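The chain contents come next:
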Amino acid sequence: MIGIALWISFFLVAMAIVLNAYRLLVGPSLPDRIIALDTMYVNSIALIILYTIWLSTRVYFEGALLIAMLGFISTVAVCKYLLRGDIIE
Amino acid sequence: MTLPWIPLLTFLGVFVPALAIRGGRTVCALATATAPAVALGLVLFFYLGHDGDEVMRTSLQWLPAMGLELAFRLDGLSLLFLLLILGIGLLIILYTRYYLSEQDSMSRFYAFLMLFMTAMVGIVTSDNLLLLWGFWELTSISSFLLISFWSHETTARKGARMAMTVTGAGGLALLAGIMLIGKVVGTYDMGTVLESHDLITASPLYPAIIVLVLLGAFTKSAQFPFHFWLPHAMAAPTPVSAYLHSATMVKAGIFLMLRLHPALSGTELWTVIVTLTGLVTMVYGAWFAFLKTDLKGILAFSTISHLGLITSLLGLGNSQAMIAALFHIINHALFKASLFMAAGIIDHEAGTRDVRKLGGLYRLMPITTVLTCIATVSMAGLPPLNGFISKEMFFTEALASQQFGGLAWIVPLLAGLGGLLSVAYSLRLAYATFFRRPRQEPPKTPHEPPWPMRFPVELLVALCIIVGLVPTLPQSPILEDAVRATVSGEMPEFHLALWHGINPALLLSMAVIAGGIVLHLLHRHMMRFNRQFKPQDARYIFEGFVQRLVALCQRLIDRLENGSLQRYMFLLMAVSVLAMALGLADLDMLAGSLGQQALDPIVILGAALLIMGGVLTAALHRYRLISLLMLSVVGLVVALTFARFSAPDLALTQLSVEVVTMILLMLALFFLPQKTPKESSGARVVRDVLIATGFGGAVASLNFAVLTRDLNSISNFFIDQSVPGGGGHNVVNVILVDFRGFDTLGEITVLAIAGLAIFKLLNRLRLFMPATDMEGRLWSNDRHPTLLMVVSQTLLPLALLVSFFIFLRGHNQPGGGFIAGLITAVALILLYMSRGVEWAQQRLDFQFQPIAIAGVALSTFTGLCSWLFGYPFLTSTFDHFHLPLIGDIELASALIFDGGIYLAVVGATLMILANLGKLTTAHRPNKDMP
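As given, the protein sequences belong to chains A and B, one line each in that order.
With full-length UniProt numbering applied, the first sequence covers 1 to 89.
With full-length UniProt numbering applied, the second sequence covers 1 to 930.
Hints are computed from structural coordinates only; laboratory data are not their basis.
Where hints are given, some of them may not hold.
Some chain A residues near chain B, calculated using beta-carbon distances under 10 angstroms [said to hold, decoys possible]: (1) 1; (2) 2; (3) 3; (4) 60; (5) 62; (6) 75.
Keep in mind that this is a model prediction, so the values were computed, not measured.
Where a beta carbon is used, it is the ideal one built from N, C-alpha and C, also for glycine.
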């Protein structure tokens, strides 16, 4: 049962990542691409969690935690750059 | 066993002057003289204490695999040279005390002098050819230092360079010759080599050996055509000239020929090369000595001439000639060293040593005049002094020579010509300096020097007279032993005397003296004759040669290394692709036995993303921000790949590095142009794409080949040893902090140094910042968005907690100091981004440099602690503890080491990022503009 649920989830998350990649590729504006990248980070959290459920291990939780905690900081840096140019004022 | 003490004593003497100079110049001179004086006493003690025939030898293993031993010997030949080196060396030390002026660094001079003395003592006592060569090179280096002692003078520097180049090149040739000898004989041991005369001369390599060894000897002993460095080495202070260029260093080549005489001589090749070179040098040197006007120049060319005389005697090679050669070595050292010192005195007192400006000095410096004249008479070879005796012996041998068949007369002819010229230049030297009426005033009014400065000259001149009058008395036993060491077979009969009766040599001598006087009277005409020739300055020729050589090399380098990074990359990649393609050409062998792993759709998706990100990063490189976003995709997918293929540590590291990289690039991007102009032509793009594809294909094939094979790597060792050896279940972390702790220590040190360097480079650097973004929009006026401020402040405690957690569990589960450090650093940087530098610095009231340094120090200290317990550096230990409430806990000393890593990473990262961020803060043009 959980196997089928896993494969469906894998499929959906993978589709989400493909769509992110598409948005990243075509843009059209820079914020579009940035948001696409950020969403790709979020989706990869899902990917890692699904993977750990599949393997029944806890080893990769920290990876997911790190993405959740720090992944947005690159986005912040790029956004700040777009807004102010200088990211540390 | 005590033999090595002789060179060791002089070597220890190198350090004495620097310590003793505090006591003043006289103390310094006395202290410096101690070591050679003791060494001299030691030599005499050894010599008197052993019976005649046996050679004293000592040998210590050094590099047995190379045939190199610390082997020393003391035989008659070594003794003769040791007496010259140490005895005259002592006199030179005394003389230098009064010669050097207040501005010259006396301790430096003495240190160089002692270094040189060590090298010379080493040469003459070496019992191993390779060791001898080592000391030989040391003489080149130390003489370079001595000649360039007055390094502010260009002539001194150029002269030193020339001497170094010529003698150094000769040293290389000598090394080749020695290695050939070692190949033929099978050992570098001197005793064995000296007994292998038949083996060496019969070898087909013999001509090469002879030429190479003689190249070494001739360059060192300034034989024609390698003589030209010696006159230019006269730019050295006079004590150096007196010591190196008359008594010792230039005799090193002579010594080498003497030392190897039993092994190499006795063939026609040897006789022809050595005799002819010697005779030509003798006449050539004497002629130029006659024409020179500089006192030291005259003496330098005279030295060349006398060295030629000795060399030609060595070429003749019979035992009587060897006696004459050895005897003349002593005599030449005595009179030439005293003449050089006298020239130094005259230069010192009169302010010039140009004979055209000197004259009439006998009235002002009567004692110096008498001393110099006696030495000059000896140099000219007039009776009743020592020079006369050895010159007579030389003439006897020249007349008796049966070499060169029908051209046998050429030997006495050249010998006579050389003798005639030496009479002429000696007369001129004495006459022009002391007796001729001065044409112009010398720069200073000369007067007698202080007595101690004159004492060495007096002593040497007295020896000249004693040796001349009673030639059998002092030197015979020494000379006898020296002859025994150089002549194989029966000890020849010889006796030294002033008067041999009327014989052809005496007649030749008389003719030569008469001719010399006539030539001296004709000096002015000879000078006029010489003026017809274009003057050739060896310095210009040599410098020109060197510069042409440098230009040639430069052109070669320009071809290979033109400064274009693209070109280097192209060559590097093209060669690698070629090499890999050759190795991987056998495609059937490419796939190993393991077969292929199953693919799942997620992996395919990841691969597709990776390819997309990689290609677009390169393709869009002109749009930097988009290119960076693509690079981020690559980073993310790589981290996911690490997670997918069971490398959680790497995934964590990659993720945190990714964030820091992004911040760093954003900081840097701000100061770079937003767009890159198109730089590559179409053809170049095609070329680069082809190479990149080829390279990628080759690496992929290589990967494929490796992954499909069962590889027995070292990782099993680490996996097995991780728990018993390092006390941790996380193999990656145990490798980092324990098994390869030393590597990690090196890495964090580099990281800290890089951080400090960036800090230093950015210090006070303020850059212009553009007022608008790339599309011409003004910057937003929201400097610190509220949302960001709130998030960053909320995040900080969480991030610190997580990093502490990851740090602690690192030894057993994914994590460790490096990742924890990055997390902390990122959280702090986020604070900087949201609140600005000023706000953050008020609250983070500490410097980052001490943190980075403290981290490195902590790790090093942990490593050092294992020494306290008698273990090697960085040995780690671990144990289990039971704490109330928390339970069983394992603590490893590696944890402290990991703590050092943590601090170093936090410090270095913040040092780099925060300082980059500060670049514009102070002078932001539109800081408060809306």
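These are the hints, each one checked on the structure:
1. For residue 1/A, the interface hint is violated, since its Cβ never comes within 10 angstroms of a Cβ in chain B; the closest pair sits about 20 angstroms apart.
2. Hint on residue 2/A is violated. Least Cβ distance to chain B is approximately 17 angstroms, over the 10 angstroms limit.
3. Taking 10 angstroms as the C-beta cut-off, the interface hint given for residue 3/A is violated, the closest approach to chain B being about 13 angstroms.
4. For the restraint placing residue 60/A at the interface with chain B, the shortest Cβ-Cβ distance is roughly 5 angstroms, inside the 10 angstroms limit, so the hint holds.
5. Proximity of residue 62/A to chain B holds as hinted, the smallest CB-CB distance being about 6 angstroms (cut-off 10 angstroms).
6. Residue-level restraint check for residue 75/A holds (minimum Cβ-Cβ distance to chain B is 9 angstroms; threshold 10 angstroms).
In this structure, the earlier hints numbered 1, 2, 3 are contradicted, and the remaining ones agree with it.
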